[in-house]
Structure formats: structure tokens, C-alpha cells
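J.: So the sequences go chain by chain: A and B. Under numbering that gives the first Met the number 0, think of the first position of the first sequence as 0, with each following residue one higher. Under numbering that gives the first Met the number 0, think of the first position of the second sequence as 0, with each following residue one higher.
Careful: at least some of the hints might be erroneous.
It does not matter which identical chain is meant; a pair holds if it fits inside one copy or across any two.
[What the hints assert, rightly or not] In silico lysine-lysine, DSS-like type, Cα no more than 30 Å apart, as pairs:
1) Lys285 - Lys140
2) Lys50 - Lys282
3) Lys99 - Lys50
4) Lys295 - Lys285
5) Lys178 - Lys30
6) Lys140 - Lys99
7) Lys259 - Lys178
8) Lys176 - Lys295
9) Lys30 - Lys295
10) Lys50 - Lys96
11) Lys178 - Lys50
12) Lys176 - Lys243
13) Lys305 - Lys99
14) Lys96 - Lys305
15) Lys285 - Lys217
16) Lys295 - Lys282
17) Lys140 - Lys176
18) Lys96 - Lys176
19) Lys153 - Lys96
20) Lys295 - Lys50
21) Lys96 - Lys285
22) Lys243 - Lys282
Simulated from the structure, these hints should not be mistaken for laboratory data.
Protein chains: 2
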Amino acid sequence: MNNTVTILGCGSALPTREHFPSAQMLELRDKQFMIDCGEGAQIRIRQYGVKTNRLNHIFISHLHGDHWFGLIGLLSSFGMLMRTADLHIHAHPDLEKMLKPMLDYCCADMPYRICFEPINPNAHELIYEDRSTLVYSLPLKHRVPSCGFLFQEKERERHIIREMIDAYEIPIHQIAKIKQGADYVLPDGRIIENSRLTTPPTPSIRYAYCSDTAYSEKLLPWIEGVDCLYHEATYDDSMQARAKETMHCTARQAATIAQKAQVGQLIIGHYSARHSDKTTLLKEAKEVFDNTVLAKDGACFTINSKITK
Amino acid sequence: MNNTVTILGCGSALPTREHFPSAQMLELRDKQFMIDCGEGAQIRIRQYGVKTNRLNHIFISHLHGDHWFGLIGLLSSFGMLMRTADLHIHAHPDLEKMLKPMLDYCCADMPYRICFEPINPNAHELIYEDRSTLVYSLPLKHRVPSCGFLFQEKERERHIIREMIDAYEIPIHQIAKIKQGADYVLPDGRIIENSRLTTPPTPSIRYAYCSDTAYSEKLLPWIEGVDCLYHEATYDDSMQARAKETMHCTARQAATIAQKAQVGQLIIGHYSARHSDKTTLLKEAKEVFDNTVLAKDGACFTINSKITK
């Protein structure tokens, strides 16, 4: 089972020929999460053949239009496609106020329910949990309240060594406990330590999304050691002043965060429309953090564990 | 100077790999008009290199999302691009109610003004006039109040015959009047009839946009003899029942309107996502009205006068 992130759009405020505004689809174990939903996200979903049947949660980082203007179209189309499952939208509470009049007018009687889940963009807290995943908000530093997201797989079960089951004649009803770390007690009272019966679990994946934000070291403890970090890199070094003024980052700053947080891989995106050629952005980022790749609309990145690499 | 219509999107409710939702840009003499603004219209504008510096009027046919969900993105981008000219949006009055909360939140302090010009979708009336153009509303038959638009160039001036200016020594200050149809009175009192001094004006162009609508012969007198008609053709013959139920047209019905109204050319569009291959649509339309062409995202059609062809 692959853990992947598919870039539906990695442009910034103004769309370009190449880049739609921010939107991506994260697949983590068997779950699907959408992060931001810029205009045209539903068009990219179709162009790239992305399935959405397991999508029940959308996370919106902040209320600049390039991060949510695609929501109304997506929600409306889900209605026409006869979606029935609840859809949860995690966002700043003001989003509901703006979408509500349109939903009431254009999307009355939809066969599914939209549940707005308000986020407090100033708090670093658990905002979502299911059997296998935790999602935390990451307060960012931007012109409007803004937060990134940390997606974290819960720890997986240990792998039981098949030969040991046979050797100690371990009954099936004990296996779940052993996978969770328990020792096995033989009928004669002898204890077989868990470490002899199992191998360590497949490492859990952690993916962080940080856009839009000025350079902020406050992020470091929250994203330390994540397997993959998507960080905005709106400008190159020559636009440093503009980055500061608009509270965005240069590619070098994004890479500095990646390097200080010792992440596994860095994906940069949210490119300014001024940078039609991305070579400088990549070069400047790689000077600080070598394992950097450029986001690209339509690219699907596999998120590998730092540990198994 | 070309009169053209550029298709920014000719899909219907659900976008496809090929087709964005409804939007088009009409160039009539030196004026630019946008008709409908489905999601992604601003993206298409960039992809196709369409300039918008002369765009001051947008006409929205009705409030189904696939005809206006692209507005907020376009309006917001115009603000970022430092547009200063007023932008007029001609639409059902409810549009303002839905856009207002978003504009107030996301687009405060824009350097230009948005003027909502309410349309009465039940009336066939003049809704816009400038020195060279008239625009009329065309009430359509749809599930929600809906109207098409007739764009009509005002009659142009007659062409003065250069040789006659010399022969009768016509002074310059008389020429404008003669172009407008006046006779010329010689100093000795003789009258030279206008028809000897001029040739007929270049024919004025008329372009009609009819989407979304069920088959409606009520349209015929309003669009009779237009040079070019864009008419929705959501379904092929096999989907006739569905067309009726959803108050859309088949390609054959669109062609019947074109044939009965004796238009110059028919462009069909607003294809259902079911019709990935458009050959049947074109074939069925051509059986009734031969001069039919298929709309295609990115296509730019020259609108020729019926008379000079």
C-alpha cells in the first residue's frame, strides 16, 4: 500500500499556464485527505484520474481565495454525482459563513451532508483522529490566520515471525496481543519475550504541509523528522524583500526549515507567477537541503519512511 | 478588425478532461464581452493567452454553478493585477447576494469597482448599449430563470466613394453627414443623391448565445438571421428523454432552431460529460443545419457576416 501525495495545483495567488492554485490529495494507508482546494481542483481531479470515493475530509489552510475557491464547484459536483457520505471540511470558521449562501442557493437537496469543522488557526492541536491517522494543526505566520497540517500515521503493529508461531504453537487468539507488544507465556509458565517473537512494525509515515507562511522556526519542533515536508517557496533569493513583505518564503528559507527539522524529503511549491522557470528555486533550495524536489501539477510523490530509506 | 468568439469552456455541469464549464470571450469591433464564467475561466484566459484589458462587461446567463463559479477567482485576480476600470456584471440579482460575502471578505480594498447590473431574465429587452453595440436579453426555458444574449453591432456608416469627393469638390465638413446617409447639395442648388456618393456600409454583426435552454421556438423572432448562433446541445438523440427532463437540448434541436431562424453559422456546445466523442452530436446537427461546428475549449471562431459570405 503506497503513501502518496498528488499535486492538483502548486501555483500561488495568480494561476499560470502550468499551475493551478493550491490543492493536493494525500493517500495515507487506506485513507484519503484533501489539503486546500484552489479553483479548478475538481478539474485537475478529472484530468489526473484521481478517485475521490474515499475522500471524507478536506483541510483548508487559510481563507485566501487561491486555497479554497475550488470548494464550491467540488461540493456541487459531488452532489450531482450522488455522493451520500458525509464530507467534513476542516477550516477557519469564517469559511462556512461565505460558503453557506452559495450552498443554500445552488446546492439545496444534495444527497450528502457537509460538516464544517472549525479550526483554531492559532493553536497547535489534534484536529482529527481515526483508527490509523492523527492530524495536527500547525499555526503559521501569514497575513491572515493560517495553519499547516501534520498528518501522522498511528504506530503500526509489530510483525510476528511466522516460524515462532509454529515453534511455540501459539494459539491464534494470542496473536493480536503479541503484535501489540505482549510477551507470550507458555503452558509451562515460561515467558517468551516479545522481541523474540516479532520484528519492529513498518515505520509510520508523517507528512507536513506548510503553506502559506513566512519563515517560521516555531514550526521546527512540530515537524521535526517528518518523512516528507511540503513547504511553500513562493520566491527565489532575488525576491527576498517581496517575500518578507507578503509573508511568504523563499526556496532557500523553505530548505532551511527542512534542514533544521531534519525531514526526510522536501517538496517545494506555491510558486509565484513570476517564476516560470523553477531551476533557480530548486538550485537555491538544494544548496541548503539536497533532498528537495519541485512540486508540479499532476505529480504523484510516494512518501517513503525516513527510517527504511 | 476581426469579430471573434473564443471558447474558454464548453462543457456542462460536470467538467471533463477536455472541457471546462461554460465561458466565452466575444470580441465585437473594438469591444470585449465575456459571456458566462464557469470555474477555471481565468485559468483558460491565461492558458489561451486571451487579453482582458478591454473587458468591462460580463454577462451571466443564469445561476447554475457551471456558469458563474469562476467569477470570484477572476474578480479577485483582477484586483491583484491592479485593474482600475469599473467592471460591470450583468446577471440575475441574486448573484450579488451570493458573491457579496466573499467579495467583502476576500477582495476588500480592490483598486477597481464591481457594478452589479441586474437582469430581468423574463424580459426580452435592451440591457446594454454603447456607441457601437447593443445587447438584448433572450428569455430561455430552463429549470431556473435563465436568459441568452443577443449582441448586435449598430449599423455602420456608409462608405463614401473617393472619386465623388473629387468630382463634386465636397468639403471635408460634409463627409460625416454623407456617410450617415445625407444627400449633398451643390453650391448651385443641385442635389446629388446619397446613393451616387456612397456604397452600403460593412454589414453589422449579430451574435446570439443561448444556453441553458430546452427547445424553444419563442427564440426564433429574436435571433432571426443572426450571423452566428451559439446554442447548447447537451445531448444526442439517444438522450432525448433526459434532455426534456433536465430542460436541455439535443444537437438536433439546436440545429432546428438554427435552421428555422436562418442563422449564418451554428456553434454547438455545453456537452454532457457522457458524450466524450462529439461525432454523433455533429452528425445529428448537420442533418438539419449543415453549417454547424463543434465548440472546443480554446477554439477561436471568426464571426462573418451572413451577407458578405
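J.: State for each hint whether it applies.
T.: Results for each hint:
no. : hint            : in the structure
1   : Lys285 - Lys140 : within (24 Å within a copy, 59 Å between copies)
2   : Lys50 - Lys282  : neither (34 Å within a copy, 33 Å between copies)
3   : Lys99 - Lys50   : within (26 Å within a copy, 33 Å between copies)
4   : Lys295 - Lys285 : within (17 Å within a copy, 42 Å between copies)
5   : Lys178 - Lys30  : within (22 Å within a copy, 72 Å between copies)
6   : Lys140 - Lys99  : both (27 Å within a copy, 28 Å between copies)
7   : Lys259 - Lys178 : neither (35 Å within a copy, 76 Å between copies)
8   : Lys176 - Lys295 : neither (44 Å within a copy, 61 Å between copies)
9   : Lys30 - Lys295  : within (23 Å within a copy, 37 Å between copies)
10  : Lys50 - Lys96   : within (29 Å within a copy, 34 Å between copies)
11  : Lys178 - Lys50  : neither (32 Å within a copy, 63 Å between copies)
12  : Lys176 - Lys243 : neither (53 Å within a copy, 62 Å between copies)
13  : Lys305 - Lys99  : neither (42 Å within a copy, 47 Å between copies)
14  : Lys96 - Lys305  : neither (41 Å within a copy, 50 Å between copies)
15  : Lys285 - Lys217 : within (22 Å within a copy, 65 Å between copies)
16  : Lys295 - Lys282 : within (16 Å within a copy, 39 Å between copies)
17  : Lys140 - Lys176 : neither (44 Å within a copy, 66 Å between copies)
18  : Lys96 - Lys176  : neither (47 Å within a copy, 59 Å between copies)
19  : Lys153 - Lys96  : neither (34 Å within a copy, 45 Å between copies)
20  : Lys295 - Lys50  : both (19 Å within a copy, 26 Å between copies)
21  : Lys96 - Lys285  : neither (42 Å within a copy, 48 Å between copies)
22  : Lys243 - Lys282 : within (20 Å within a copy, 58 Å between copies)
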